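Participant: Chains as they are written, first to last, in this note's numbering: chain A, 454 to 722; chain B, 454 to 722; chain C, 1079 to 1388; chain D, 272 to 542; chain E, 272 to 542.
Since the hints were made in silico from the structure, they are not lab data.
Computed from a predicted structure; not experimentally measured.
There may be inaccurate statements among the hints.
[Unchecked claim] Mimicking PhoX-like on lysine-lysine, the simulated pairs with C-alpha atoms at most 20 Å apart in a straight line are:
1. B/K527 to D/K542
2. D/K351 to A/K561
3. B/K561 to E/K542
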Amino acid sequence: MTVLSPKPLAEPVRTGPAVLSARDLTLVYRTEAGAHLAVDRVSLDLAEGERLVLLGPSGCGKSTILKAAAGFLKPAGGTIALRGRPVTGPGPDRIVVFQEFDQLLPWKTALDNVMFPLVRARNLPRTEARAQAEEALERVGLTRALHQYPHELSGGMKQRVAIARALAMRPEVLLMDEPFAALDALTRARLQADLLRVVEEARATLLFVTHSIEEAVLIGTRLHLLSAHPGRTLTTRDVAGLTPGTPAFTREAKVVHDLLFPQAEAADV
Amino acid sequence: MTVLSPKPLAEPVRTGPAVLSARDLTLVYRTEAGAHLAVDRVSLDLAEGERLVLLGPSGCGKSTILKAAAGFLKPAGGTIALRGRPVTGPGPDRIVVFQEFDQLLPWKTALDNVMFPLVRARNLPRTEARAQAEEALERVGLTRALHQYPHELSGGMKQRVAIARALAMRPEVLLMDEPFAALDALTRARLQADLLRVVEEARATLLFVTHSIEEAVLIGTRLHLLSAHPGRTLTTRDVAGLTPGTPAFTREAKVVHDLLFPQAEAADV
Amino acid sequence: AEGTIRLVEQPGISYLPFHVIRDQGLLDRHGAAKGIEITSEWAQLSGGAATNDALLSGSVDIVAAGVGPLLTIWDRTRGAQNVRGIVAGAQFPFALVTNNPKVKSIADFGPDDRIAVPSVGVSVQARTLQFAAAKLWGAENFQKLDELTVSLPHPDATQALLSRSGTITAHFSNSPFQQLALADNGIHQVLDSFEVYGGPTTSIIIYTTEAFREKNPLTYAAFVDAYSEAAAWIAENPEAAADTYIRVTGSKLDRDLILSILSDDRFSFDPTPRNTEALAHFLHDVGALKNRPESWRDYFFETIHDRPGS
Amino acid sequence: MSDLPLLHSPSLLARVWENQIVRRLAVLSLLGLAWELAALWQNNPIMLPRLTTTLAALAEAVRDERLLGAAWVSLSVLLKGYGLALAIALALVALAAANRFARDALQTLTAMFNPLPAIALLPLALLWFGLNEQSLIFVLCHAVIWPFALAALQGFESVPETQRLVGRNYGLRGPTFVALILTPAALPSLLSGLKIGWAFAWRTLIAAELVFGVSSGTGGLGWFIFRNRNELYTDKVFAGLLVVILIGLIVELGVFRTIENRTVRRWGMLK
Amino acid sequence: MSDLPLLHSPSLLARVWENQIVRRLAVLSLLGLAWELAALWQNNPIMLPRLTTTLAALAEAVRDERLLGAAWVSLSVLLKGYGLALAIALALVALAAANRFARDALQTLTAMFNPLPAIALLPLALLWFGLNEQSLIFVLCHAVIWPFALAALQGFESVPETQRLVGRNYGLRGPTFVALILTPAALPSLLSGLKIGWAFAWRTLIAAELVFGVSSGTGGLGWFIFRNRNELYTDKVFAGLLVVILIGLIVELGVFRTIENRTVRRWGMLK
Ligand SMILES: Nc1ncnc2c1ncn2[C@@H]1O[C@H](COP(=O)(O)OP(=O)(O)OP(=O)(O)O)[C@@H](O)[C@H]1O
Ligand SMILES: Nc1ncnc2c1ncn2[C@@H]1O[C@H](COP(=O)(O)OP(=O)(O)OP(=O)(O)O)[C@@H](O)[C@H]1O
Ligand SMILES: [Mg+2]
Ligand SMILES: [Mg+2]
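With the rest of the complex left out, here is chain A (with noise of 0.2 Å):
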């Protein structure tokens, strides 16, 4: 009889192939003032299934990482590939929610903004895509507002309809910047429920930016931690299974917290 070995728990849980993976990526803006290092070797893997969140300072190439699996910046070096396939430019099977209110097309009301991948990306009947973008904004709490145009909505109302767009997609694979930022705790509970839900049922894979480190500890399996800019990988955690509230569960965003300021415990709060 051999001892098994305690598994180490930074180790995450592999299901599959990697449904995401970047090795050593690097990205660099092309600016007046020459290039801007973002994000500096920067590894990461997701398998399917899996819900990895970006937790960092801001300004540290969260958002920059996020655009780079969306396919809309090309890594200055390094790789990043999508089911072992380099990325090679943007589509539907990644659907993203911006971190921008103005992410809503403004000549689409708020029913239509959820229609409109549906129909265009998802090629549903009108009929259907109307019935399933309607249940989406009744989920996010916006029935009474189907028909107002972005102009008209609230900031949070905003990014509700855009989760709801993203969440109707049914996409394999999310990604999602700061969701939840604009929201208020009763919605913003609600909400990651209902999105932990949809990404359960639907197998898909989640990338995640969030400032809200319990929100991290809720929602991801596997936090993935970032030094200030330019963003550099300072270390990974396995989260999955923690039920808030829980002292696991608070212990862990303690140890995060610490993690990532390692220097607040002087600072007054």
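For this one, chain A is given, so just place chains B, C, D and E with the ligands on it according to the hints.
Facilitator: Chains B, C, D and E with the ligands in isolation, oriented as in the chain A frame:
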């Protein structure tokens, strides 16, 4: 000898005449579909140096109240007054930090964006404006991004420039709409402290919108809780002097949470 | 091909024979006499340059324009399209009129005077003015009045002259503008083209390309006959001709004015060219023409070479 | 204090003044008055006839000279040319939006050809199309394509980045991307390009009709103006111009305004 | 995959192709070739001369006929008219941005006057200014003001609401607001308006010089073209047009492109 009744906790300490006061403020948007009631008979009073936080679900009219206080919206009913005189339009005595990411002027660098109101509204000479702007940007941690244009900044960086721009102005009245929503925990904590210091020093009056109950209890001397759309006053709470981490602080946060979301106790978070 | 003909005219009474041809169906009649059926298309263009463009592009077959444009196109197309005149279109004097009472002859123009011509330097009016200057001050001074001339279309110049508003004090005009101007009490004539060239002078010429003439001899001949008949008919029936003009063009001009022009004996549609060589030689002398025509026959087809032109 | 849409209950007068038609009529009346006064003061009817005289001439020309027929002739050529030009311009701009070399080519072409006066093209038009409507349409296309392409290209290039990324994210590319994302997002600029193109189509048509004249009896508005100018009927010339102005107003208020109100203003893209 | 700025190390050829000047030269060469072939095929030198003939005529005209002088005469009138027109248009648009009645008035005026051909204004220009440069400038203003006002107004009305509110928040109003907020925010549209205005100033000037002519001696480019057209020197006509084209290219690449690169493209307002 008369016995003094204990001062009720919910009654705020008035230190002078109201700087900003609304009476039965009703705000209505004119839309294609007809009138859209956003805020319904809300009354509030801010004394000098007071910090009032608006809390309420997404779409309840917080931004709308702020815009009315800034002078961008004319009340459909009720009054809104500044030091006793009805608000008739916007002005640099009330500096606004908007919720949107596009509030920076895209044709100005971060530094120029902060200098702009100092030169144009405060009439500071350019050198002095520059010094103050640089200091303000340093405080929000953007020393290295002084000469970047807004489109080259991350979401959180944009919001920090907007915060620096507002704080550098040292206005009598500061109107802030979820200024910290896009920031990581550490930056957020630093800027919260910074905000409190600046407001204290300048004896500025602050009207603040947030979705974070902890932030509300931390920042505010008083909270104004709003019901879901259309926004009506739920209640107000005096929260001056509570120290984060203390049981009183945690208890207050819990009370506010339960007041805002009475049904949430049944929900999963 | 034989049997179709596309013609161009410009607005104005100088093109009256065309109107008569159209009104009386003369092309049909003369075509029938030659055993062909002729279909004609009529177009109106607003000036000589556009007319020449239309001819050279092959969009039209027979055009009518001033002597100046004909000489230019003849000169430029020698050895290529070989454009030449068919018949003389009309002869009439064009007058230099002024509202400056002090000006009795061209020698009296002062530095403040401005003489309007359709286009400085190149229009037949401008050339005539140069010709007059050369006669008065000697050949080398032919450009003496050029610095007083300005380009302005006839209607605008007439308006300016009549309204006494602009800086225009004189206008080298044309019919019917000169008649309209001279009807005003304060406006008088300084000279006219007949004085300059020493007698009745052809102003309008009908012309075409060599190719059209050679490929459509019957149509060409029918046109010449029709034109001659129309010209003769106008000379005999000025009253009826005036009515034809009003009817065909829808002109709102006063019938008496039209009649007075038609019955003026200096005004004629004689197909024989007169006094064109003087202008041609002058144009060559000042360098506007590269080729010097020996006689008027050089720039007319043989059709009317038997006539006593000049 | 009207930076955002708001509700108030103004006085009757203010409410009447709210009506755009009322304000426009006020503007028109003021202009008419200015014209009448200028004409009276100038007192030079052969250069500047009075408004009343012009209106009388207009009525007469409509009754006796088929002015409306002439206007219709011009308008129908105009519409053909305008429509064709827009189709070409949109195709060019869509190509330019998708491909960088095409964009450079279009920008170069625009910089080169836009300043060329229509009159310079007439000889070529004659050479290629002959003396007919097609030549006019060719010249009209030249008048419309370049300014519209400029406005459209600017509009396409100004589309907010996030909206462009959203479209790409759904896998839209090429013509679909242009039609479903760029075109609505750039609609304000496209509309201003349409208006400018419309105006210059008129200008060019009137000017070209003067030079081109008519074939086979069907003169347009430009020819009407030219003929009356030749006969020194200034009041009729102004009557012709008045028709151009009226058509311009009708199209602006009836077509462009309506489109704007139903689209970009409703969508909050235009204040 | 070039939706956002990115860094890569392409091949030499690709890097040369990156250079805009190179791509533009390619476009120009293609156009030149097309011209030469069209002329050869048409074989009607008096209507469409070959490019080589035209270049020879250009050289000759520059040497013997002061073509550059004529171009300068036109250019100086053009610049005066363009500058004046922009000043007037900006004033009108600023007024319109601040006041609703002014906006209605400007929109009405634009709808009315924009379609009027310059030729219609010549008699009035004559009446008011006499036969001189001022009349030309008047006509130029007409050509520039309306399209520029249209583009500018659209630009001003499209400024994102938040930016407008920010400006108001600092107490900016009237001219300061227009100058410091609306103008930079609307710069893409303003630039496209400037380009369109510039092109139409040229078109109108050339056409007006034809009709209006000149007081003899000081003819501009339009006059040069007109004279040679009347004398059927088609190669010289094309040489004159070539000068217009060259100036257009220089201004587009040298002025407008530079401004664009230093402003709106740098600011991320234009892709
Ligand atoms: N278009 C751009 N051009 C140049 N630099 C850019 C551009 N976009 C982002 N950057 C820079 O890249 C870095 C990373 O930006 P990114 O948006 O990825 O940050 P982030 O982690 O999403 O931050 P936040 O939490 O504030 O949204 C920043 O330093 C930013 O200044
Ligand atoms: N410009 C507008 N036109 C019409 N309706 C509007 C407009 N702006 C906001 N509303 C409506 O007014 C209500 C309140 O909006 P407001 O932006 O004040 O909400 P909020 O409390 O700030 O929400 P959030 O927390 O999501 O930002 C919403 O129902 C919204 O749909
Ligand atoms: Mg980000
Ligand atoms: Mg809000």
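Participant: Taking the earlier hints as the rules, which of them does this structure contradict?
Facilitator: 2
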